[in-house]
Amino acid sequence: MARAAVPGRLGDRLRWKTARLADRRPESPAAHTLVFDVPGWPGHLAGQHIDVRLTAEDGYSTQRSYSLASAPDGERIELTVQRVTDGEVSPYLADELAVGDLLELRGPVGGWFVWRPEQKEPVLLVAGGSGLVPLMAMIRVRRAVGSRTPFRLVYSVRAPEDRLYVTELSRDDPGLDRTFLYTRSTPPQWPRPAGRLTAADLTPAGSPPDLEPTCYVCGPTGFVETAADLLVALGHAPDRIRTERFGPSGG
Amino acid sequence: MRHVVNNGKECTFGERRHGMAIVSRGFRGRPGDTHHKLPPGQYETTDFPVLSAGPTPRVDRDGWELTVRTETGARHSWNWAQLMALPSQTPTVDLHCVTKWSKFATEWQGVSLDVLLEDVETAAEFALVHSYGGYTTNLPLEDLLDGQAWIAYRHDGEDLAPEHGGPARLLVPHLYLWKSAKWVRGIQLLLEDEPGFWESAGYHDYGDPWREQRYQGD
Chain A
639 MARAAVPGRL GDRLRWKTAR LADRRPESPA AHTLVFDVPG WPGHLAGQHI
689 DVRLTAEDGY STQRSYSLAS APDGERIELT VQRVTDGEVS PYLADELAVG
739 DLLELRGPVG GWFVWRPEQK EPVLLVAGGS GLVPLMAMIR VRRAVGSRTP
789 FRLVYSVRAP EDRLYVTELS RDDPGLDRTF LYTRSTPPQW PRPAGRLTAA
839 DLTPAGSPPD LEPTCYVCGP TGFVETAADL LVALGHAPDR IRTERFGPSG
889 G
Chain B
493 MRHVVNNGKE CTFGERRHGM AIVSRGFRGR PGDTHHKLPP GQYETTDFPV
543 LSAGPTPRVD RDGWELTVRT ETGARHSWNW AQLMALPSQT PTVDLHCVTK
593 WSKFATEWQG VSLDVLLEDV ETAAEFALVH SYGGYTTNLP LEDLLDGQAW
643 IAYRHDGEDL APEHGGPARL LVPHLYLWKS AKWVRGIQLL LEDEPGFWES
693 AGYHDYGDPW REQRYQGD
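Quick note, the sequences are listed as chains A and B, same order.
Numbers given in the working numbering equal positions in the first sequence, counted from 1, plus 638.
Numbers given in the working numbering equal positions in the second sequence, counted from 1, plus 492.
Just so you know, these hints were derived from the structure itself, not from any lab.
There may be inaccurate statements among the hints.
Unchecked claim - Chain A regions said to be covered by chain B (calculated; three or more residues, Cβ under 8 angstroms):
{"#": "1", "region": "736-747"}
{"#": "2", "region": "777-790"}
As the list claims (entries may be wrong) - Derived DEER-like restraints, expressed as beta-carbon distance ranges:
{"#": "3", "chain 1": "A", "residue 1": "T656", "chain 2": "B", "residue 2": "P579", "range": "39 to 47 angstroms"}
{"#": "4", "chain 1": "B", "residue 1": "M576", "chain 2": "A", "residue 2": "R663", "range": "51 to 59 angstroms"}
{"#": "5", "chain 1": "A", "residue 1": "T817", "chain 2": "B", "residue 2": "P579", "range": "52 to 60 angstroms"}
C-beta atoms are modelled at their ideal positions from N, C-alpha and C, and glycine is treated no differently.
Model the full structure from these sequences, guided by the hints.
What follows is the structure, given as C-alpha cells:
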C-alpha cells in the first residue's frame, strides 16, 4: 500500500520511546536529577512535561507525568524527581533506577505552561518546592538562547537543604533576579523570618503589575492557590497568570 | 515536576501489559489492593487533586448566571435561584483526570443537562462550554444528554469549593475531567466542533479515558 507515513511532529511526540538513564545526580536530600538519552527525541519547550511509563517484570505497568527540567539538548533530557515517602514511582526513580536502566516515555506535552524565547515581556516565576522544575527549564532556555528578557524568580522552600539547583542558581545570570523564601527554617542571619508566601514577597521591584509580566506559578495546590490569589490582588491580570499544580497524589 | 507528590494513601492497579513492553529493571509497583477497574494508564487516589490553568475565579452567586446559546443566537438563562428551583439529582460517579489520577465513587448534587436543555431547539451537534475566568472546553452535544452530564453545585454534601469549580461546574464523568468545566457560565451549541482551551493546546477533542484519548492523535 502506498499510504505515505506522516512523520509529523505530533506522531513523534505521541509514540512511546525507550529512554536509557545516562547519568544521575543528587539535587537535595530528597531529589535527584535523572539524565536520559532518548533516541528520536523531537525537542521541547520550557515548561512542557512528559509521561513516564514503568513496567515490572510481571507486566504490571503504571504511568506518571514529570516536568522537563532541562533546556533542549539534542536527544538528551533531564527530569528532577523528588522522592515522596510511600510513593509508588518516585522512590524508584529517585533512588533505584541506575545508569543504563530503561523506561518508556512520551512527549513533550503541554502548550500552555510554556515560555518561548520569542516572548519579550518580563517574566515572574513563582515556585513552591519542587514546582521549581519547569520554571528552571525556562531559566535555562533563557540563558541558552542569550535572551535579555527580565526574569524574576521567587522560590519558596521549607528549609535551605530543600533548595534545588543551588549552585546553578547562585551563578551570575544577568537579568535573572532571584528571591529565596523559607517557610520553616532559614539560613543564619537571613533577613526574612521563616514563613509562608505573602504579598510583600511578590511586590519588590522587578515585576510590578504595570510592567505586565507573564507570571508562571508552580507548586503544590495550596501554594499555587495562595500565590495566584496574591498576584490577582496585586493587580496582575488573571489571563497573564499561568499555573501548574501538583496535588497530594501521584508518586 | 508535575503531579508527583504522594500521600501514601493511594492504592494502585495499573494495566498489565503483554508483548514487547520495555521492563524497567527492579521496578515492582504495588498493584492489587483496589477493587475498582481503572482506565489504562490511570492510578487511584482518595484525595481530590486540583488542576487549573490559572487563578481560581471568585464567582458570586448573586451575579451568577448560566446561559445556553444556540446556533441561531437564541438564549436560555438561569440565575442561581432559578437553578436551585430545578429538580436536582445526586449522582455518585468516578472521576478520571488526564494527569493520571482516578477517584472513585464521588458524590455530587446538581441539575441534569437533560432538564436544562429540554426546551432548547437546536440542530447543533457540538457544544463549547464557557467558564468564568475564560476557560473553554468542547464536546459532542450528545455527551451532555441522556443522564450523562450535570451542572453540579454540591460535592460530598458541601457547597462546591471555588478551587473545585464552585459555585457550579459541569460534571461529565465519562470523559477526562478537563471536560467537566469548573466555574461554568455558558454552553454554546454549535453546528461544527470548535476546540476549547486544552484542546487547542494539544489535548484530545473527545477525551475518553477508557480509550486513553489524552492527546490529539491518541
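Hint check:
1. 736-747: holds (count 6)
2. 777-790: Three-residue rule not met by the region 777-790 of chain A, so violated; n is 0.
3. A:T656 / B:P579: 39 to 47 angstroms: Because 54 angstroms falls outside the window, the suggested range is violated.
4. B:M576 / A:R663: 51 to 59 angstroms: At roughly 57 angstroms between Cβ atoms, R663 (chain A) and M576 (chain B) fall inside 51 to 59 angstroms, so the hint holds.
5. A:T817 / B:P579: 52 to 60 angstroms: holds (53 angstroms)
When each numbered hint is compared with the structure, violations occur for hints 2 and 3.
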